[in-house]
Amino acid sequence: EMTVLKLMELQRNAMLMYTSCGWFFDELSGMETVQIIQYAGRVLQLADQLFDDAFEPGFLEHLERAKSNLPEHRDGRAIYEKLVRPAMLDMKDVGAHYALSSLFQDIGERSSIYAYSATREDYRSFQVGGSRLVIGRATVTSEVTRISSSLCFGVLHLGDHSIACGTGEYHGAQKYEALAKEISAAFAGADFPKTILLLGKYFGTSTYSLTSLFADERRKVLNIIMGPTLREAEAAYSSIYEHHAPLIRFLTGSGTPRPQVLSVAADLCLNAKLRNVLQGEGLDPEVVRPLLEEARLAGATLDATALGLLLAVNIESLAEQLLNQPDDLARLKRLNKAAQLVRTLPFEVNLWKTQNICYKILHTHCPNLSEQASLGDQNVPEWLRHYTVLADMFLLRVPKCPVNSKPGP
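Quick note: the sequence shown uses our numbering, first residue -10, plus one each step.
Check the hints yourself; a few may be wrong.
Stated by the list, open to error - Derived DSBU-like pairs (lysine-lysine); straight-line CA-CA distance at most 30 Å:
| no. | residue 1 | residue 2 |
| --- | --- | --- |
| 1 | K322 | K262 |
| 2 | K349 | K322 |
| 3 | K349 | K326 |
| 4 | K190 | K81 |
| 5 | K56 | K81 |
| 6 | K56 | K71 |
It is worth saying that the hints were derived from the structure and are not from the lab.
Generate the whole structure from the sequences, applying the supplied hints.
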């Protein structure tokens, strides 16, 4: 069964190699062309597992004849070695991703890792000061070919981005316990150099760092790691701004060039204040308006793209909540207030997703108002009024809703 699945996966990637967008451009190192070479790399990887012949050398000979327009990329072979081979994964790579991720988030007994899954068999965590060691065992399975591999791992985190990780095949309880005992003993004695050497001893060349994480997860982990540093820097710049805000406003108002450090302090502080407000639950225009005025007086440069995205996501979430709880009048009022806020901002907020959600709300809930009115619901006129405001805010037409103004029996 696994052989058949491998052959099918090989065929699928062989077909993907001919994706038209990859052959449309005349530069080999472009994103689209590299992607189809990655499909080819996956074909070669599977062929190596299925057949006795080595296909990669001949493929690279042909690829080398294709020249890049950019001197730093030379030719197809160089691009393959630089951009494609590092992207290839085996079970140990997936195990390393699982182990590294476990340091920063609770991944549970079973976790999904893109086209793979990992089941935790054992997990031991040790801490000395600000440093942490994790030793464990997991079974990694490909959801495509259903191949499984039992792996053990060790991860040493010395703080910030300083991480050393090793993975290897599980060779039974006795060897695993010996590994865990020796590495944890060195760590418990705060002998971190020895701990790193032992990771190399037991896992050989299968060692990894933070750069080994898949790109999306690496960004998440780096955001966690950088959190305290960014908060510290933000607090320092905010202190500078708060102490010198009158001077900054005077310099701006008089047209006098401001020292760069004061400009940076104003930008960071006021953007941070706006971020906190725009991603909060209130979204009160009366809170946002003074901050915008303060930014204008200080000559601060607003991060329009980031602020607009934060607010769009927040309003979209509010609309989703209303869609799931359409009888929540207070939430409808908050959504209208948020939409009114958008119209006062000096930057664009793309609300097309929210507009679609509001269309669903209006066309699923408005038709029910007639029945509610006939049952004597005194709040129907207020609902209609706020729905009309909602439709106006998002440029939608209110569905026909004949409401009986007389209360029901």
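**Prompt:** What hints, given by number in increasing order, does this structure fail?
**Reply:** 5
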